[in-house]
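K.L.:
Residue 184 in our numbering is what sits at position 184 of the first sequence, and the numbering runs on without skipping anything.
One or more hints might be untrue.
[As the list claims (entries may be wrong)] Calculated lysine-lysine pairs in the BS3-like style (CA-CA distance at most 25 Å, straight line):
1. 327 - 346
2. 321 - 339
3. 454 - 501
4. 34 - 89
5. 435 - 421
6. 269 - 321
7. 412 - 366
8. 216 - 4
9. 354 - 344
10. 79 - 216
11. 89 - 79
12. 478 - 453
13. 366 - 419
14. 238 - 3
15. 428 - 492
16. 412 - 427
17. 426 - 462
18. 216 - 384
[Said to hold, decoys possible] Taking CB as the label site, the calculated pair distances span:
19. 408 - 359: 18 to 24 Å
20. 14 - 464: 56 to 62 Å
21. 121 - 335: 37 to 43 Å
22. 259 - 323: 29 to 35 Å
23. 444 - 417: 40 to 46 Å
24. 325 - 462: 52 to 58 Å
Simulated from the structure, these hints should not be mistaken for laboratory data. We put the CB at the ideal spot given by N, CA and C, even for glycine.
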Amino acid sequence: MSKKIRVRFAPSPTGGLHLGGVRTVLYNYLFAKKHQGHFILRIEDTDQSRYVAGAEEYIFSCLQWAGLEPDESPLHGGKYGPYRQSERKDNYRHYAEKLVNDGHAYYAFDTPEELDRMRHDFKTEQNPSPQYDHSIRMKMRNSLTLHAEDSKKMLEAGTAHVIRIKMPGSETVSFTDMIRGEVSFDTSVVDDKVLLKADGMPTYHLAVVVDDYLMKISHAFRGEEWLPSAPVHILLWKYLFGLENMPQWAHLPLILGPNGKLSKRDGAKYGFPVFAMNWIDPVSKELTEGFKEKGFLPEAFINLLALLGWNDGTEQEIFSKEELIEKFSIERVHSGGAKFDYEKAKWFNHEWIKRSTSSSLQGPVKILLIQDGIDNINEVILSKVIGLVRDRCTLLTDFVQQSSFFFRAPDKYDLDAVKSKWNDDKKKFFQSFTKELNAIDNWESAFIEDGFKKLAAIQNIKPGELQLPFRIMLVGGKFGPPVFDIAAVLGKTEAIARISKALEVFAG
RNA sequence: GGCCCGUUCGUCUAAGGGUUAGGACACCACCCUUUCACGGUGGUGAUACGAGUUCGAAUCUCGUACGGGCUACCA
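Can you make the complete structure from the sequences, with help from the hints?
P.N.:
Pasting the structure below:
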């Protein structure tokens with residue numbers, strides 16, 4: 001109870017950070033903040049063959065964007081460093097050898113070719129993927145089958161070898177998962193996982209246990225894909241540090257794509273992003289779009305992720321980060337996997353945009369407009385514009401279409417919308433309307449509308465038939481906020497100029 | 001194949017033995033609006049199947065089916 005809450009997210013820096021990863025970060029973060037604990041980010045880079053340049057920096061950018069920054073990490077420092085496993089290499093061999101000495105592990109000298117042969121030779125219809133396990137290990141080249149002297153000589157000669165855990169022949173290993181309750185495994189069907197690789201680096205299995213111990217991790221949350229190897233970790237804890245010191249486990253349900261587990265490799269093939277932010281593969285230069293660039297607000301992103309597998313038991317769906325911290329509980333996380341629904345994700349974003357203040361939207365929208373080539377942005381006007389179009393934008397990127405015409409006169413008109421009903425009477429109306437507008441001193445939406453309707457009445461034309469042409473003149477298309485509001489924001493000179501220009505286009 | 005996990009509307013989910021099985025997204029209709037949205041009202045739509053326990057089961061147990069994950073000197 002008095003134990004300090006310490007949780008960690010331990011990604012391997014091999015590419016983009018996908019939805020499931022961010023949600024794992026989120027749940028860790030929320031749990032830590034709720035219990036005044038620490039959220040640690042540990043880089044699991046023990047596989048040097050999978051090193052990807054820039055991936056670590058990318059992960060930090062994603063967390064920063066999402067507002068889920070760790071308390072301790074390679075970047076933020078902390079008392080339990082280093083936070084990169086490659087820099088902790090020296091820690092692991094000692095523990096692996098202790099396991100060997102205690103009879104819980106052994107040296108194995110099998111070459112990759114020998115392992116392949118084993119898999120091939122023992123493959124049967126009943127057992128399509130044979131494992132290096134208790135039934136096989138006595139047929140392989142390891143310190144269990146070799147004479148002690150021979151093993152020793154090989155080790156001294158520097159023969160390539162790994163250290164494998166010696167799984168008990170028949171034991172039941174069980175533990176209580178915070179989400180699933182009691183889960184048990186029969187050790188006879190778990191293989192002798194490699195703990196220490198030939199290059200001296202630990203595998204995940206050894207590293208996660210040693211580092212969680214050394215970093216005093218109190219609760220370990222990870223994806224459900226780790227459940228099958230949990231018995232290995234439990235046993236390692238038992239042999240090395242004692243079950244009483246083991247963190248509490250919670251295996252999070254998977255986030256599924258249209259066909260099973262969301263895969264990093266599938267990138268944007270689903271028609272929606274899977275990464276938090278744009279990821280450019282350093283080798284292939286291939287770009288995979290992220291939620292950020294797609295136009296998601298970080299608040300919406302974490303909100304929707306939080307609700308994918310968790311709810312607070314009420315009907316509330318929109319939660320700020322602070323509310324999530326207050327209300328989150330790991331016990332209310334679902335045990336079943338959740339299929340990601342992009343439509344609902346967009347709804348969350350829309351809700352957040354509608355609730356955002358104009359000023360908080362201003363920065364990101366301005367950047368988007370500048371990217372679209374608009375350079376004369378007046379901040380006061382932009383703020384008004386955002387207030388006017390906000391309800392119409394589901395993604396941040398929608399602001400470009402919805403507000404660029406405020407800063408740039410249309411160069412194309414939806415002529416189909418006016419042409420068929422266009423006539424001389426309407427043309428005359430707008431010619432007089434231009435003069436009418438010129439006379440307005442109080443340039444506000446209500447006065448413009450008033451003048452418009454009065455003139456329509458005098459000329460005996462239904463105002464409704466004039467509004468659409470007016471809109472096309474100012475906007476270029478059939479969209480946008482109420483047309484008189486647009487005219488008001490545009491200003492007298494610009495509004496009149498657009499009418500005059502459009503009149504020429506319509507005539508031609 | 002083996003092991004593990006899971007299964008309530010199309011999707012995300014509520015209901016921890018007693019409800020007309022609730023909400024949200026999406027979809028449909030209507031209202032509002034002579035643009036597009038927002039908003040409002042209503043509607044279609046689910047407990048995988050079979051046994052058992054119980055006065056009573058979506059809820060507990062077992063079996064079956066289906067789905068997913070794992071089965072590397074990757075994490």
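K.L.:
Taking the hints in turn, state whether each one holds.
P.N.:
Results for each hint:
| no. | hint | in the structure |
| --- | --- | --- |
| 1 | 327 - 346 | 23 Å, holds |
| 2 | 321 - 339 | 23 Å, holds |
| 3 | 454 - 501 | 23 Å, holds |
| 4 | 34 - 89 | 33 Å, violated |
| 5 | 435 - 421 | 23 Å, holds |
| 6 | 269 - 321 | 30 Å, violated |
| 7 | 412 - 366 | 23 Å, holds |
| 8 | 216 - 4 | 9 Å, holds |
| 9 | 354 - 344 | 15 Å, holds |
| 10 | 79 - 216 | 11 Å, holds |
| 11 | 89 - 79 | 18 Å, holds |
| 12 | 478 - 453 | 20 Å, holds |
| 13 | 366 - 419 | 34 Å, violated |
| 14 | 238 - 3 | 20 Å, holds |
| 15 | 428 - 492 | 19 Å, holds |
| 16 | 412 - 427 | 19 Å, holds |
| 17 | 426 - 462 | 10 Å, holds |
| 18 | 216 - 384 | 52 Å, violated |
| 19 | 408 - 359: 18 to 24 Å | 23 Å, holds |
| 20 | 14 - 464: 56 to 62 Å | 59 Å, holds |
| 21 | 121 - 335: 37 to 43 Å | 39 Å, holds |
| 22 | 259 - 323: 29 to 35 Å | 34 Å, holds |
| 23 | 444 - 417: 40 to 46 Å | 27 Å, violated |
| 24 | 325 - 462: 52 to 58 Å | 56 Å, holds |
Figure legend: structure checked against the earlier numbered hints; hints not met, in rising order: 4, 6, 13, 18, 23.
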